[in-house]
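Chemist: Here is how the chains run, residue by residue.
4 protein chains.
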Amino acid sequence: MSADATGAAIAADRPHDPLPEPGSAAERGARAMLGDPVRVAIVGASGYVGAELIRLLALHPHVRIVGLVGRERKGDPLAGIHPHLATRNLHVYDRVPDDAEAVFLALPHGAAAGRIDDYRANSMTVVDLGADFRLRDAADYPRWYHFEHPRPELLDSAVYGLPELHREELVTVGRKPGAIIGAPGCYPTTTILALAPLARAGLIEDLVVDAKSGVSGAGRDPKADLHFGEINENVKAYGQFTHRHTAEIEQELGALGPATTNPGVVGIDFLPHLVPMTRGILSACHVRPTHEVSQVELDAVYAEAYTDEPFVTVTSSPPATKHVLGSNEFRVWCGLNERNGRILAIGVLDNLVKGAAGQAVQAFNVAHGLPEPAGLLQLPLAP
Amino acid sequence: MSADATGAAIAADRPHDPLPEPGSAAERGARAMLGDPVRVAIVGASGYVGAELIRLLALHPHVRIVGLVGRERKGDPLAGIHPHLATRNLHVYDRVPDDAEAVFLALPHGAAAGRIDDYRANSMTVVDLGADFRLRDAADYPRWYHFEHPRPELLDSAVYGLPELHREELVTVGRKPGAIIGAPGCYPTTTILALAPLARAGLIEDLVVDAKSGVSGAGRDPKADLHFGEINENVKAYGQFTHRHTAEIEQELGALGPATTNPGVVGIDFLPHLVPMTRGILSACHVRPTHEVSQVELDAVYAEAYTDEPFVTVTSSPPATKHVLGSNEFRVWCGLNERNGRILAIGVLDNLVKGAAGQAVQAFNVAHGLPEPAGLLQLPLAP
Amino acid sequence: MSADATGAAIAADRPHDPLPEPGSAAERGARAMLGDPVRVAIVGASGYVGAELIRLLALHPHVRIVGLVGRERKGDPLAGIHPHLATRNLHVYDRVPDDAEAVFLALPHGAAAGRIDDYRANSMTVVDLGADFRLRDAADYPRWYHFEHPRPELLDSAVYGLPELHREELVTVGRKPGAIIGAPGCYPTTTILALAPLARAGLIEDLVVDAKSGVSGAGRDPKADLHFGEINENVKAYGQFTHRHTAEIEQELGALGPATTNPGVVGIDFLPHLVPMTRGILSACHVRPTHEVSQVELDAVYAEAYTDEPFVTVTSSPPATKHVLGSNEFRVWCGLNERNGRILAIGVLDNLVKGAAGQAVQAFNVAHGLPEPAGLLQLPLAP
Amino acid sequence: MSADATGAAIAADRPHDPLPEPGSAAERGARAMLGDPVRVAIVGASGYVGAELIRLLALHPHVRIVGLVGRERKGDPLAGIHPHLATRNLHVYDRVPDDAEAVFLALPHGAAAGRIDDYRANSMTVVDLGADFRLRDAADYPRWYHFEHPRPELLDSAVYGLPELHREELVTVGRKPGAIIGAPGCYPTTTILALAPLARAGLIEDLVVDAKSGVSGAGRDPKADLHFGEINENVKAYGQFTHRHTAEIEQELGALGPATTNPGVVGIDFLPHLVPMTRGILSACHVRPTHEVSQVELDAVYAEAYTDEPFVTVTSSPPATKHVLGSNEFRVWCGLNERNGRILAIGVLDNLVKGAAGQAVQAFNVAHGLPEPAGLLQLPLAP
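Same order as they appear, the protein sequences are chains B, Z, X and G. Take the first sequence: its position 119, counting from 1, is numbered 137 in my numbering, and each next residue is one higher. Take the second sequence: its position 23, counting from 1, is numbered 41 in my numbering, and each next residue is one higher. Take the third sequence: its position 82, counting from 1, is numbered 100 in my numbering, and each next residue is one higher. Take the fourth sequence: its position 367, counting from 1, is numbered 385 in my numbering, and each next residue is one higher.
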């Protein structure tokens, strides 16, 4: 990968395309490159994902934060809510300013779909970091999230905001006003990116996904089981058999090849764990392949998939979550177990960056025709 | 389970058995019950497992510690090596006293087999906490441990010290002098106990074992990758495809039924991870069953296997490692995924207790005819 | 120290004392030694201190737990509240059984004083682990705790349950029914025991107490600032200038000598910090001495104070909190700074054991004439 | 503070100054502003501070890394040494390229002074992150560091690289070739910045500095006492009475006023602790003032000292280390204890950034006439 590469080129270099529509993401992005930053708002600014959006967007060279929205806040200083961001001198209000051009929603499941009309009425690009616009099949919402989707007719027009798989769609949707981007979940990003090359190659006969996450993915609300005393020196599985992110993983991997090609991506065995750390997800994907394959072939499919990706690195040994802490990087390793012919793919990311806020910014950049890594160049923090 | 239950009954209540031989573990255990404690020594007292053996044996009601052996120590006070044990006023020397009746060996792989003759010449019971007496097939040592076993002829007479599977053998071997007990590894204990009921039921068609461990399992020697700065806020897989404990797991699960019955226990997919905590192992065992099975049937096979076990609890929801911290408990949960018909079994233990020192003491107790929970009653420490 | 020493001797060997009154702690303790355990109840069993009381009392050789009380619990299994204690098969109810002989109260400040009459009406020994019976001066409650003490007339009869300073009073109060023991706070225990020898020697001219605690001392209730994500990788001071434990420290150190002797124990500078760990307190006590003193003299005053104490160890280098984790031990080091003539005393303990539940059991033992270390012999857990 | 403020203005806006000398830092900085980046090398690139220098300098807009030096490395890829920096595609060699214009030295104490002639011969700016150029009095080296300084004649020309106290000197030294900057230690930065306003005001009658640090300050070499199992769940004091950083603190605070004004800054009581986290230092400075002072007066002296500082924030409540994690920020709070008239000043920083690499870059920027926050704008990372 080369995080310095300007993914923008992908969107910009289209001489035969018609001009983007007025009020579209692409038109606003073009203006931003000329010095008029895109005016963005963040709804759900009080949570962990909200904080991370602020951290990234505050230093984004083509963006200006014009609104922070939290529940029932009337101009409260951000310093009291997120002390680490105190130097930015921002305040939290109860509504998005009308002149915002894009809005990032970091809300509980189901809340975004109910508010989206207001934002679209003002031609804002909507980047939803919740689940409301991730799934294509409305029936998946009652099945996995236990609510009826209030606006199923919008699902078709939303783009699943994983640039590595949907970059073209993000570009396209960004050329009209009111684009909706459903930013992926943290486990799905880790797992889909780890497995996409294998799925494309039709290699997944049987699949076990065993994932481990830091606790920030569970949000900031105080809960008894997120108390330091409960998490520290403790590992536990949770959400066995019913974790909501399963639906996304199956949807996206399933789209990379017919079920007959990858029978293992139907009814997958997905098990998440909570480990005593704040950030990071590691997804170990245990694959029994549909047919015999060599390490050389595996290396080739991963190289083909990711060589040009600005935020993906294929590693030569299993990566650790700390290798990407605080950055928008995704790292993946894929190995062949010579003893039994199985494949192991391991992906890591920072759940609040590439698994949430960073990826949302990346998708926002693509839709707006901005350089894809803009605002996301920060290197991982270690130790 | 009932940790108060005296597993000793199993060993003691054998009216028709001949008397144990003089100098045997059982004879010495019988004397201990009358007030003459078994004299034990610990070799490898400077490490983490050594410390844990001291912690447990120092308060064992039927044992007296008569010797601590560390590398090149000449009476050094234990307080300088293990400050937490300073109040015991013990010292570390360079050899086992001749009057020891049992010796616990916490040594690097390959070291125990080279020393064992000295101990057996004095009729000591040998409880080896390394790998030298765990595997039955001498060819497994070069294959998994990269050394030729120096005393392959002893492998047959050693007992794999997992009381839940080999209690009768422990009793038998304890009735003659010079018993050799190969105490199981930490991952194998977690995994074998989690899966034994399924293996006995012939249910394992396909098996993925994804395990997570605290760092104390890697020993106390300073290593760059065990530095706090490297482990903290980090999760990583390691030993992929070649972890030595795989051999034990396959040996023991394979012995519970023919390979044709459980094809999944041959060439298993075992992947360990290091997580940022000191103690604890969680083993998630993903099983595709040989045939359809119900939750009720699963509950029955686990209940049958473990109801009377003093240190095993079958739980109704996935257990966490902190539920057993500092204790000799093993907890296991087994669930059926209704969506895809797969089985998930999750086991947890404290790698230094039930995964090492505690289990060694438990096996020692059984071989000596002592109450099985003697010295092991301490409850888990939480939070 | 010698934790095996039976502090009981101190209480038991009093041939000329009159017999303890019927229904008194001492009478019940004497019966317990003959095989009839003291029947104890724990109120506030759902919290961290409650769990720790259960962990210790469940294995106490002279005690039987006859009641666990939590808020609005109707026979809920303990396993659901404290999974680590699941094997004990206990249940939580909403009231103390009438036949309890002693009751341990782990309640929010102010709650114990309001309930105590019920318990005393049944001649129960009351061991309060809250603050309601720690302070002698009723005016200290509004000043430090912001409530008027509802039963100021009881304060005189309560004993401050720090056996190292008040052993004789605990013995005396245990000889009559309805004894009230106010078990000390965690910071005060650490600080008072670290400084008592210096206070007795009249050495404290000026005093800064800088303490560091794990988060379990803040209780189990979910709070935003105790979320793992907030505590992990974080150190912060809190309660600056107004921490309630200041009152106890001044009361107890002040009682060891006139203020003119130790001017530094009036208006002390006490600053606690929260560090990212679950258990443990370290109190660094910076003393400017009233007069020049040598290291030899310091060693002598600490040796004199603590040589015979079953749970106190004077160390030759600064102790760490992990040296006492999970045990009832207190360790202290005192050094003279040759460069500037100042004294530094550092004490450590486990805040839930010697700083709460363990100390309460220790004081209970003394009052009941039981061996002082009964139920408290467990060695520290490390690593 | 305003991190966006261009501290460069301080250096740049000097119309009457003569032009900087050719080969000087200032001349090279001026060229860098025109597009020709300063060519920098890092010696000691394999350690934690080295990694942090790479992390910051790799994205510095006016710098190009032209050399990384580690012990006996011959072009080893950085990815193998610091996996988190793998995407930068850098390599480690055994010598500094001759065309480097500035060199950052992250070496053990005593190593820098021995090598410095080579670098100065090539007119490089030398920024030493070790202790060799921090102290003005050569006699302090044998006293605190136990070695004779090999080049005492250089001490006078070196500048103590704390921009908040020595900005003018940094500007001056940067106008001639071969500037030597001794970047401050981590504890001294925290403590000096926390206390400088009080020292200038002549308020320090008596001083206790009680500091807490994460373990990364101890470097990356594997040591038994930095093993995760030893640090986790543990707090301990160390270096009592003799910590080397004491000398720096006394030197710098002493320079802010005569000893008669601040008697407390001579022979200070400095006690560091190790807490279970990777990054961060909190320094609690307990001050008995020379005379009565009000909170309003305290607020005024801190505001005066720091209002214009780009990396210092005065807070209204005690700051936590996590508020500045990964950033170059320093935060400080100062409060008056109304009860006893004492002052408490608490400072926090990230020991690897403002306590080491970040501060070195900040000082480098000032000396080169670059914008002071260049390369240092990254916001803190939380949670």
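Note that these hints are calculated values from the structure, not bench results. There may be inaccurate statements among the hints.
All copies of an identical chain are treated as equivalent in the list; a pair is satisfied when it fits inside any one copy or across any two copies.
Claimed, not checked - For lysine to any residue, the following SDA-like pairs were computed, each having C-alpha atoms within a straight-line distance of at most 25 Å: (1) Lys241 / Gly257; (2) Lys92 / Arg106; (3) Lys92 / Arg218; (4) Lys92 / Pro281; (5) Lys194 / Leu316; (6) Lys92 / Ala156; (7) Lys92 / Asp317; (8) Lys92 / Gly359; (9) Lys194 / Arg262; (10) Lys92 / Thr333; (11) Lys92 / Ser175; (12) Lys92 / Asp174; (13) Lys241 / Glu356; (14) Lys241 / Ser334; (15) Lys194 / Ser175; (16) Lys92 / Pro276; (17) Lys194 / Arg169; (18) Lys194 / Ala157; (19) Lys92 / Asp243; (20) Lys194 / Thr333; (21) Lys194 / Arg89; (22) Lys194 / Asp54; (23) Lys92 / Arg133; (24) Lys92 / Ser334; (25) Lys241 / Gln269; (26) Lys92 / Ala242; (27) Lys241 / Gly88.
Chemist: If a hint holds in the structure, say so; if it does not, say that too.
Modeler: Outcome of the hint check:
{"no.": "1", "hint": "Lys241 / Gly257", "verdict": "both (16 Å within a copy, 23 Å between copies)"}
{"no.": "2", "hint": "Lys92 / Arg106", "verdict": "within (17 Å within a copy, 44 Å between copies)"}
{"no.": "3", "hint": "Lys92 / Arg218", "verdict": "neither (50 Å within a copy, 40 Å between copies)"}
{"no.": "4", "hint": "Lys92 / Pro281", "verdict": "neither (52 Å within a copy, 48 Å between copies)"}
{"no.": "5", "hint": "Lys194 / Leu316", "verdict": "neither (39 Å within a copy, 55 Å between copies)"}
{"no.": "6", "hint": "Lys92 / Ala156", "verdict": "neither (36 Å within a copy, 43 Å between copies)"}
{"no.": "7", "hint": "Lys92 / Asp317", "verdict": "neither (54 Å within a copy, 27 Å between copies)"}
{"no.": "8", "hint": "Lys92 / Gly359", "verdict": "neither (60 Å within a copy, 37 Å between copies)"}
{"no.": "9", "hint": "Lys194 / Arg262", "verdict": "neither (31 Å within a copy, 58 Å between copies)"}
{"no.": "10", "hint": "Lys92 / Thr333", "verdict": "between (47 Å within a copy, 22 Å between copies)"}
{"no.": "11", "hint": "Lys92 / Ser175", "verdict": "neither (34 Å within a copy, 52 Å between copies)"}
{"no.": "12", "hint": "Lys92 / Asp174", "verdict": "neither (36 Å within a copy, 51 Å between copies)"}
{"no.": "13", "hint": "Lys241 / Glu356", "verdict": "neither (44 Å within a copy, 29 Å between copies)"}
{"no.": "14", "hint": "Lys241 / Ser334", "verdict": "between (39 Å within a copy, 22 Å between copies)"}
{"no.": "15", "hint": "Lys194 / Ser175", "verdict": "within (11 Å within a copy, 63 Å between copies)"}
{"no.": "16", "hint": "Lys92 / Pro276", "verdict": "neither (51 Å within a copy, 49 Å between copies)"}
{"no.": "17", "hint": "Lys194 / Arg169", "verdict": "within (20 Å within a copy, 68 Å between copies)"}
{"no.": "18", "hint": "Lys194 / Ala157", "verdict": "neither (27 Å within a copy, 68 Å between copies)"}
{"no.": "19", "hint": "Lys92 / Asp243", "verdict": "between (31 Å within a copy, 22 Å between copies)"}
{"no.": "20", "hint": "Lys194 / Thr333", "verdict": "neither (38 Å within a copy, 45 Å between copies)"}
{"no.": "21", "hint": "Lys194 / Arg89", "verdict": "neither (30 Å within a copy, 56 Å between copies)"}
{"no.": "22", "hint": "Lys194 / Asp54", "verdict": "within (19 Å within a copy, 41 Å between copies)"}
{"no.": "23", "hint": "Lys92 / Arg133", "verdict": "within (19 Å within a copy, 43 Å between copies)"}
{"no.": "24", "hint": "Lys92 / Ser334", "verdict": "between (51 Å within a copy, 20 Å between copies)"}
{"no.": "25", "hint": "Lys241 / Gln269", "verdict": "neither (31 Å within a copy, 37 Å between copies)"}
{"no.": "26", "hint": "Lys92 / Ala242", "verdict": "between (29 Å within a copy, 21 Å between copies)"}
{"no.": "27", "hint": "Lys241 / Gly88", "verdict": "both (19 Å within a copy, 19 Å between copies)"}
Going down the numbered hints, you'll see the structure goes against 3, 4, 5, 6, 7, 8, 9, 11, 12, 13, 16, 18, 20, 21 and 25, while the others check out.
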